[in-house]
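Chains A and B, in that order, give the protein sequences.
Residue 244 in numbering that gives the first Met the number 0 sits at position 245 of the first sequence; the count goes up by one each step and never skips.
Residue 87 in numbering that gives the first Met the number 0 sits at position 88 of the second sequence; the count goes up by one each step and never skips.
A portion of the hints provided could be inaccurate.
[What the hints assert, rightly or not] Here are the simulated BS3-like cross-link-like pairs (lysine-lysine), alpha carbons at most 27 Å apart as the crow flies:
1) B:Lys54 to A:Lys49
2) A:Lys436 to B:Lys106
3) B:Lys59 to A:Lys43
4) A:Lys310 to B:Lys102
5) A:Lys419 to B:Lys106
6) A:Lys43 to B:Lys94
7) A:Lys307 to B:Lys99
8) A:Lys49 to B:Lys49
[As the list claims (entries may be wrong)] DEER-style ranges, computed between Cβ atoms:
9) B:Ser40 to A:Glu422: 56 to 64 Å
10) B:Glu33 to A:Ala311: 31 to 39 Å
11) B:Lys99 to A:Asn327: 47 to 55 Å
12) B:Val53 to A:Asp504: 50 to 58 Å
[Said to hold, decoys possible] Reference excerpt, derived from the structure (chain B facing chain A, CB under 7 Å, subset only):
13) Pro64
14) Leu65
15) Ala98
16) Lys102
17) Thr104
18) Cys107
19) Cys123
Hint data in this document are derived by calculation from the structure and do not stem from the laboratory.
Ideal Cβ positions, reconstructed from N, Cα and C, are used throughout, including at glycine.
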Amino acid sequence: MRGTVAELGGRIAMSAVLAAVLTLAPHGPAFAFLDSINPFADTKDEFEGKFIDSIEPGAWVPPLERLAREHQARSGGQSAGAASGRMGEDDDSAAVPAKPPEPAEIKIPDGLAFLRITQNWVADSPVMERYLNGIGARLLATSPVTGAPVRYYVTASEDFGLAEALPDGAVGIPMAILQNVGTEDELAYILAHEAAHVLLEHHDNDWFQKLNQNFVAAAELAVGTAAALAQQFGDNRLAQAALAVSLIGEGLLFVTDKGLFPSFTREQEDEADLLGFDLTVAAGYNSQAAFDAMEKLQSWQESAAVLKAKKADTQKAQIEQEMGSAANRGDFATAFSGMVKRLGFAADEATDEISEGHRDAESRTESLSDYYFREHADDDAAPLMRNVELLRALKSSEVANIVAGYGHARQALALLSDGKLSEAQKAAGQAVSGRMKHDSLARYAFFKTRLTQGKKAKAIANLELALKGPRPAFAIYRQLSNLYWESGRRAESVKVLESAFEEFDKPPPLYPDIIYRAFSLGDTRKANMMSLECGVKHRDMRDLCQKAAQGLAIDTAQQ
Amino acid sequence: MGAWRKTAAFLAVTFVIPYLATGQFWDGSAMAAEIKKLRGSKIVLYGDPKGKKVKTISAKEIALPLAILSDGAVNGRYQVELSGRKFWITKAQVKETDAKNSKITAKCQDIAKAHASSRGLGNCN
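Isolated chain A (complex conformation) (with noise of 0.2 Å):
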């Protein structure tokens, strides 16, 4: 074991060399990698002129299409540059041509499905969808990166600062957004921020954060099996050495998740505002929306701020309840853990500030302004602000009906809270009319109703009729799964259950579910299988998924 500390105090030594290295390196990559990772830095002061003049012009790559092509230059580039003719003609080489990238190496997770799933309520609005596509089309006409495929889908969200945007170039706008932006021009500067993030090919470093939590999920993993293999044969060296790669992965982890990665988020969000102030500028819009779009979004940050303290405050004082009753009843391991969960808490606050992906909207605001005067003060002139055509399209009788069934769905779920059933079945019933009949959200809200009233057969109606709609929700499947599981309907559910995991390409939340009805279907060889899988692809989940597989059920559907 002193074998193993030494290596790890080698290693960190290693490390605060490096670091040093990095901090006093005055320029080159080191330097433009400090500034990435340096909370303080800010983008706009990296770069002289515009930032649309700094992004090299080129067709847009997909995610990890561009890494595949680096590796497979790497790996391949003594054949594809003899192919190119640089290597010399005699080289027989030349005749190989470089492996393709494997189509699952370079697979993208489906936006839409994805947004189905974080925001669950996706409206289904052709008319708003027009309308925003076609802001999105004069944004992407002046764009140096060219073929993206960015397009937009109205969720319905309430949060204004819950916009966002995907790999494969789908992009969530909540109606909030839409019920609070003034003109067009304020709209067009959100989507060109979120737009950004796809040109920019901003999602690529993610799969390096998610193959670093594998990595740390497998050596967790192979502690255990180390662990076991020692008992058995009495030689712990693997055990140790699997020990050591686990403790530097969680180190590491650390770094990335808490530091590295919000920072080089908090840059990308600095691009994106840098960028979509560009881009709504040289699309004819007016460039002082963007400031009316910032302060809005100030003051939704001030107030999720407000919630999230709420929040804190209301988890500590339930962990110190929990740790107060534990010690008195002389149970000191579930005090102990409690201190531990405390304690977690406590160096959670600490890093907030620096694991934050934005920097607050008011220092955001501050750096656009300064490029706003740096660049684009002397303009010719200030196109005129327009909001005709958003009026129009929130007019519409279409996007009427969406705005008032939500609303309905709404009051519906409040009045359930309130515990006025028969208001909120009225309310129910108004959010189902005309073309919400199968929407998710206004289906959800009498669903509840109905399961609060008792009435199970019409909750599961309910459901069913929202899954035949053109974008159901997530937590519509789950839903629907676990009553046809209590109401003894097995083999729907299971079916259910495994049509959402393959339409939403195997989502982390929904292993336990199968893993718990696979074990209670006696199918203990698919539920130890799947629970390894979770175990390693979603370290998060191994602990629920690792229950499951014993045959303990689990509420993961909270919606």
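Got chain A sorted already, so can you dock chain B onto it with the hints?
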């Protein structure tokens, strides 16, 4: 009656719709009567709500609070008077006004934990 309708339609097409379309009626911001804080050490002054810059002055030359002459922001600019001359200042350089901006409330619900990469405008965590 038909003539009245035609006249009303003519007036709408000639005056009202272009006025709405300019955004001078609607630019999405709350009404402000005075500028309380500015951004940057130098302030760019413009001659009208959509024209080119006229000159740049030091922020120190501007006494705050500064009365806004226009009816709130027009096309993203505020009209002000400096040394007896009227200019326009962009929102980019106005850090704070006395306007009571409407609050945008966060709900932070409906969100499942992200298990793949996405990039947002802000975040709830």
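Structure-based check of each hint:
| no. | hint | result |
| --- | --- | --- |
| 1 | B:Lys54 to A:Lys49 | holds (21 Å) |
| 2 | A:Lys436 to B:Lys106 | holds (25 Å) |
| 3 | B:Lys59 to A:Lys43 | holds (25 Å) |
| 4 | A:Lys310 to B:Lys102 | holds (21 Å) |
| 5 | A:Lys419 to B:Lys106 | holds (22 Å) |
| 6 | A:Lys43 to B:Lys94 | holds (19 Å) |
| 7 | A:Lys307 to B:Lys99 | holds (24 Å) |
| 8 | A:Lys49 to B:Lys49 | holds (21 Å) |
| 9 | B:Ser40 to A:Glu422: 56 to 64 Å | holds (58 Å) |
| 10 | B:Glu33 to A:Ala311: 31 to 39 Å | holds (38 Å) |
| 11 | B:Lys99 to A:Asn327: 47 to 55 Å | holds (51 Å) |
| 12 | B:Val53 to A:Asp504: 50 to 58 Å | holds (56 Å) |
| 13 | Pro64 | violated (18 Å) |
| 14 | Leu65 | violated (17 Å) |
| 15 | Ala98 | violated (10 Å) |
| 16 | Lys102 | holds (5 Å) |
| 17 | Thr104 | holds (5 Å) |
| 18 | Cys107 | holds (5 Å) |
| 19 | Cys123 | holds (5 Å) |
Hints 13, 14 and 15 from the list above are not met by this structure, while the remaining hints are.
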